[in-house]
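Starting from the known structure of chain A, arrange chain B on it as the hints suggest.
Number of protein chains: 2
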Amino acid sequence: MAKNITPRAENYSQWYLDVIAAGQLADHAPVKGCMVIRPSGYAIWEEIQARLDRMFKETGHVNAYFPVLIPESFIRREAQHVEGFSPELAIVTHAGGKELEEPLVVRPTSETVIGHMYAQWVQSYRDLPLLINQWCNVMRWELRTRLFLRTTEFLWQEGHTAHETGAEAEAETLRMLDVYRRFQEETLAMPVLVGRKTESEKFPGALHTYCVEAMMQDKKALQNGTSHNLGQNFARAFEIQYLDRENVRRHVHTTSWGVSTRMIGGLLMTHSDDDGLVLPPRIAPVKAVVIPIYKSDEERSAVLPFAQQVQARLGAALDPLKVRLDDRADLRPADRFFHWVQQGVPLRVEVGPKDVQRGQAMLVRRDTRAKQPAALDALAETAQAVLERMQADLYDRARAFRDANTHRIDSYADFKALMAGEGGFALAHWNGSAEVERRIKEETKATIRLIPLDGEAEPGRCMVTGEPSPRRVLFAIAY
Amino acid sequence: MAKNITPRAENYSQWYLDVIAAGQLADHAPVKGCMVIRPSGYAIWEEIQARLDRMFKETGHVNAYFPVLIPESFIRREAQHVEGFSPELAIVTHAGGKELEEPLVVRPTSETVIGHMYAQWVQSYRDLPLLINQWCNVMRWELRTRLFLRTTEFLWQEGHTAHETGAEAEAETLRMLDVYRRFQEETLAMPVLVGRKTESEKFPGALHTYCVEAMMQDKKALQNGTSHNLGQNFARAFEIQYLDRENVRRHVHTTSWGVSTRMIGGLLMTHSDDDGLVLPPRIAPVKAVVIPIYKSDEERSAVLPFAQQVQARLGAALDPLKVRLDDRADLRPADRFFHWVQQGVPLRVEVGPKDVQRGQAMLVRRDTRAKQPAALDALAETAQAVLERMQADLYDRARAFRDANTHRIDSYADFKALMAGEGGFALAHWNGSAEVERRIKEETKATIRLIPLDGEAEPGRCMVTGEPSPRRVLFAIAY
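Listed in order, the protein sequences are those of chains A and B. If you read the first sequence in the working numbering, its first letter stands for residue 1, the second for the next number, and so on. If you read the second sequence in the working numbering, its first letter stands for residue 1, the second for the next number, and so on.
This is chain A alone, in the form it adopts within the complex:
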């Protein structure tokens, strides 16, 4: 077991921080609550960006950039919005050596400034829908921070769209929720549940908020993406109007949706183990590392050229930039193994003198440690099959873990026992009131993560009050 990583069973929170440190993913910045994303962590974000960006473009969206500073008065124009974000703002009061006439806030999210611009860009129904996304940094002054999961500054994408009708805005909100679900399941190998937030958990200023929730290995929930139908709230606050097909002036209907660097924390907590980071092959910045093993210069002169051939074959099949060869002379093979294990590289490819004699290399999976020899001619094909198998296995294992820890609970006593004990997801009935929701949170720390969108409606009775409930909702203790 890795000596620089606390086992999960001993201290889960420390394990999380140790995996980040060992993988050199991120570091604390000199400004409290801020994070430095180190190259190994940022490379994961680059993979996430490239794949999600493609999905956004395939669904008709384009990117743009809006300013990081927003006049403070903008935040106040939407009543719920100001209430939600005011306590978390970082404020620029001086610039260019002078005090500013109006303070500027570092964007916590950009509905307001984008609303201001949309009001200028939208004239008629011909300008709609407006489907714009932005990749940027945002800032929310949080008291308790944790690398990736909650940091004062984080990187994200925020989509902002404007539509003629409420139905189109709702369809867009659900379309992007599904993009998030597909991306997380298919690429990150993270099984997720999708649903609607309750009124008390929705985005400040939204009509409805939909979300994507995943179960971490400590059985807590992580909200890993949200999609908001903003109705006409921001259109009214910023006067985003258009002339409709009958030449009548109307307010547009807007949406916004985002995922952030928090997903890297979720990815880590879904798949990693007591030896460190485990990355699903589809998102791994380095998919395979070739390690030549030898004890003498003579062995090296046989092993190294063969290892280079192995790298070239794998590189041609997988992407030359994503296959590394580690021949560092100052590290023993075991130390090199260790380094790449902690970087979460899915496939280790060992080449020793006997392998060279047999014309093969040894493939070792990061997750199961399963070893499998592959002849040079079959190497690329075998490696690809192993990586695909690993991608599927990681998803299946996470899915089985979630399913095994999701319980249908009918009594509040059982619910309290679950949340105080082993934890997990609880599907339970609730009377729909914010008061009961608050009481449950106070008494158990569990919150309603989502109201499921699909599956059969199953009438029942609220576990707290006994009042009727049309369907079970998902409760969990969350990050």
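Do not take every clue at face value.
What the hints assert, rightly or not - Quick list of in silico lysine-lysine cross-link-like pairs, DSSO-like style, CA-CA up to 30 Å:
#	chain 1	residue 1	chain 2	residue 2
1	B	98	A	445
2	B	441	A	98
3	A	354	A	295
4	B	98	A	441
5	B	322	A	57
No lab work stands behind these hints, which were simulated from the structure alone. Computed from a prediction, not measured in an experiment: that's the story for all the values here.
Positioned in the frame of chain A, the structure of chain B alone reads:
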């Protein structure tokens, strides 16, 4: 001629702003001096990022992310640095509802915070070189701003590297300068000159600054990228030390280098004309637009399927996302032409009823308006040849313009006449003193853009003082 664009000859500055507005590239933000980069402009930035990022990775660099807020005290640690940047800082004094104990500055550049982190990451020579780049937003509170060329907030990349020796740092500084030169010449079709800045023009805190300079159509110079050898200045200020191969503790040698969204302004001013934006094919987010032309539903039913075939063929050859078909029914063909001309799309592909009969499409170059028919079977090949020709022609034309407007000047009287008159680049002798440099600037507005790196040294006498000078330096009035 485009009615929404002021001709260059009438008012060059207004022409520049009109081209941006007509191409929907950018807009003024509600915060003074800030810019909104609209989708058509941001798509150019995405192309720039993708291609430059690949060049950075091919030269061994990785990306990371450092925080946008920097403790004010960090800026003060390097004496020249604080002097250079203090007047331009935006300062966060309040956050989370409280006044901060130490104000934080919105990064104007990140040498300081990156230096702070490098001091923790670098222990021995094995950790070197450290070759990290960051894509991010930065902020400099400028008094006079102009979209893309000088904005309070802008997007850029900043590379920051640390090395064992001064020679390695110098080699890195020149390597990245050459990456910028190659990128701008080969991809942006912008001929550039490279050289070293004088002491008074160098980066605050640098040992030397190298730069890339291009001539705009008004004959002014635009600095389009800089590469700094920082020596050990930041290493000393932030105590970035390593144990060398003899186990002696030494300060590292660092570099930094950056290009920004300013390049989009330079690209615009190099190639565009009185009808609007002209984009070189290699950087154009849309390379070709297919426009079906018809007068009746019957003609449409013949033309549209053929136009779709044309789009499919071109898309397969060029990239499906980069070939558009514009069949907007509410716009006449001429209006559609106009729209795409102003977006700078290199190739218009017209398909009318006669073209369908002949099994061909008409290719129209954005820059020369030259028309050329191409049979469907030869379409992709012909289009690619036309685009390559256009890329080369744009470079050649800009190069010829620069050469025609670059003068070897030997008397200060001629120099003053040139700068007060037709303008352009002047290669002239200078005695090397900051005082004379300042006097020339005050009297003519021209500055030393660079001291050329190559070409023969040509001894002469300073045009102002008559003192000896080892070589000519490049003067121009600059943006």
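Hint-by-hint comparison with the structure:
no., hint, result
1, 98/B to 445/A, "holds (28 Å)"
2, 441/B to 98/A, "holds (28 Å)"
3, 354/A to 295/A, "holds (12 Å)"
4, 98/B to 441/A, "holds (28 Å)"
5, 322/B to 57/A, "holds (12 Å)"
Violated hints: none; the structure is consistent with every hint.
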